[in-house]
Amino acid sequence: MNKKLANWGNYPVIEGDEETFVFADQLDRLIEKEQPYIARGNGRCYGDASLAERTISTLKFDKILSFNIADGVFECQSGITLDQILAVIVPEGWFLPVTPGTKFITIGGALGSDVHGKNHHVDGSISNHVIEFDLVLESGEMILCSADNYPDLFEATLGGMGLTGVISRVKFRLKKIETSYIKQKQVKAKNLQELITLFDTYKDYTYSVAWIDCLKKGDGFGRSILLLGEHATINDLDEGKKADPLKMPGNKQITFPINMPWWVLNKLTVKAFNFLYYGKNFKKEINNVVSYEPFFYPLDKILHWNRLYGKKGFVQYQFVLPLDAKDGLIEIMHRISDEGLGSFLAVLKVFGKQESMISFPKEGYTLALDFPVRNGLLEFLDELDKIVLKYNGRLYMSKDARMKPETLQSGYPELDRFKSIIKKYNPQGKIRSAQSDRLLLTGTK
Amino acid sequence: METVLILGATSDIGIATAKKFASSGYNIQLAARKPAELDAVKSDIEIRYKVDCTIHAFDALQFHSHAAFFERLNPKPDITISIFGTMYEEDDAFNEWDLTQMMIDVNYTGVVSILNIAAKYYTERKTGSIIGISSVAGDRGRASKLIYGSSKAALTAYLAGLRNKCFKDNVHVMTVKPGFVYTRMTEHLPLPKALTSTPNEVASLVYDAYVKRKNTIYVKWFWRYIMLIIKNIPEFQFKKMKL
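Residue numbers (my numbering), protein chains in the order written: chain A, 1 to 445; chain B, 1001 to 1243.
Misleading hints may appear alongside valid ones.
[Unchecked claim] DEER-style ranges, computed between Cβ atoms:
{"#": "1", "chain 1": "A", "residue 1": "Glu285", "chain 2": "B", "residue 2": "Phe1222", "range": "54 to 64 Å"}
{"#": "2", "chain 1": "A", "residue 1": "Lys3", "chain 2": "B", "residue 2": "Asp1039", "range": "27 to 37 Å"}
{"#": "3", "chain 1": "A", "residue 1": "Asp25", "chain 2": "B", "residue 2": "Glu1124", "range": "31 to 41 Å"}
{"#": "4", "chain 1": "B", "residue 1": "Arg1213", "chain 2": "A", "residue 2": "Glu178", "range": "41 to 51 Å"}
{"#": "5", "chain 1": "B", "residue 1": "Pro1192", "chain 2": "A", "residue 2": "Glu34", "range": "27 to 37 Å"}
{"#": "6", "chain 1": "B", "residue 1": "Ala1036", "chain 2": "A", "residue 2": "Ile69", "range": "25 to 35 Å"}
{"#": "7", "chain 1": "A", "residue 1": "Lys424", "chain 2": "B", "residue 2": "Asn1116", "range": "51 to 61 Å"}
If you're looking for bench data, these hints aren't it; they were derived computationally from the structure.
As the structure is a computational prediction, the values presented were derived from the model and not from experiment.
The C-beta atom is built at its ideal place from N, Cα and C for all residues, glycine as well.
Generate coordinates for the entire structure from the input sequences, incorporating the hints supplied.
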């Protein structure tokens, strides 16, 4: 049955089918059908990556297959979401090796986007921790992929936006923890220059990310809060917490009830939001121990927070620039500030080194911003793209809903190799998404 | 620790119900026609909920195998939940006897066959619970659910009779009547969102009702009133309607 499909940004919205499977042979039958398809997880990428007229939802293929509590190896079907994995592993003293800012993504989607987290500079992206996975090609053939077995498919699938096949099973390594708490440090930076220095000062911290008020001009341009964290050890906990060091956080959630009209998000509300966030941290530095939940997933508490951006939806813009391109970072932030198109979630992070075929992360600064969809936005983002490319940067496909094929091509030097691997393993071109069609990744229909 | 037998464990509601009871500490016995498919469900339940979970081959249509099937279960389940069922296009079934018979045999004869055996065991033991998944479609015969509805009507009557028969022996029999449910069986249908439940909702409501020892529940509750209205339409009127 056709229904309206959209990802987290609610832009674009398309009419499409969402077919499910619980058992492997049901997946085979879905793949045998003639119509093109793309695998779809929990729809938490932002743009059009997992959208198509026909999508194959992995959400019911969500079983845990094995969990070795001694060595922290976890094996599951691809449709399980990270929150379900956390519920099982945290009480046993393990944590996700890498997690993005939401726990409501599937592990299959995590591999397809090769997600990164606040620890990228230390632990790399999720692909660094994957032992092997099964991939079902358009022919129905299932291939076990690892660094040694079909290494080209292995590499092209990690960050490959589902275009190599349907990931059906994943085996990966977890991270050992003593407690479910995070020793957190929040440091105030009065401008961008200070923030960049602070990133360097604290580069040994496992987790780091900064929230920037990107509308502030003048001396305070780039004022921000740097958020740092380490997994707390038993000794970091107070007596109360020590009694149950691996306690799971409660799951009280608030649902954002309605789509806001677009004008609510004008300049003023953005400024107010930034002021509140900034004003909360009245001291230069705050140190405390918090549960992993507010540290990693502050927005997961508010279900459907994307409704804040109204019916027209929003676009998230995330790019990475090399470390020597600080000027580019400043230029882009100035452009955003001048334009005043509003973005109250500006997140800056320093990536460590990463060599990969199609994954987004590479060494440098990555900035992510939200823009509510309105007239003139797409033209404005095209201008930003030019600056990103001028400084040898690139954009994150999982956030993308609008970039041009040339922008992708310029940002990803190995793109042609990626395309040729897609073609080699899926010669009929049945696996395709709205995004892959837009970005000319999967040939003509 | 008590054990629950799930008959029809590969269905969406079967898996959801198994997980719900497992999350409340019950050991689980999964029974289905294609048991090989259940390996992943078993590992999932054992790892998530730290209970025992076993897999058993069960074919609803092999009536004469049912006694041996139940005999082999060790331990015997404290609760037997019958979830299996099948639905074909009514027009196809009307034109093809094999499909009609299949629906009757799976949805009614097969359930009666296995639940007779479970009921006999429970009445002798003077304790136990039987839960049968019927359907609101069994509340009144209508054209669009001709065979499916009548097979579920028979099942509803059987479960009511069984409840009556087993009551004196302290055996609890519960009838569950779901309305629309989002499952693989209904994926291609445009279901009204407000009236449709998810398999997880069905499982939760079944569990809560079991704990309260309910007789008959509708999932969700308002279906009781929808069906009350439908049941009360006079037949001379009803027969002219397209339902």
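Quick rundown of the hints versus the structure:
1. The given range of 54 to 64 Å is respected by A:Glu285 and B:Phe1222, whose C-beta atoms sit roughly 55 Å from each other.
2. A hinted range of 27 to 37 Å holds for the C-beta pair A:Lys3 and B:Asp1039, which are about 32 Å apart.
3. Look at A:Asp25 against B:Glu1124: about 40 Å separates their beta carbons, and that is inside 31 to 41 Å.
4. Distance hint for B:Arg1213 and A:Glu178: a CB-CB separation of about 45 Å, consistent with the stated range 41 to 51 Å.
5. Between B:Pro1192 and A:Glu34 the beta carbons are some 30 Å apart, a value that agrees with the proposed interval 27 to 37 Å.
6. At about 27 Å, the beta-carbon gap between B:Ala1036 and A:Ile69 stays in the expected band of 25 to 35 Å.
7. The hint said 51 to 61 Å for the Cβ distance between A:Lys424 and B:Asn1116, and at roughly 58 Å that hint holds.
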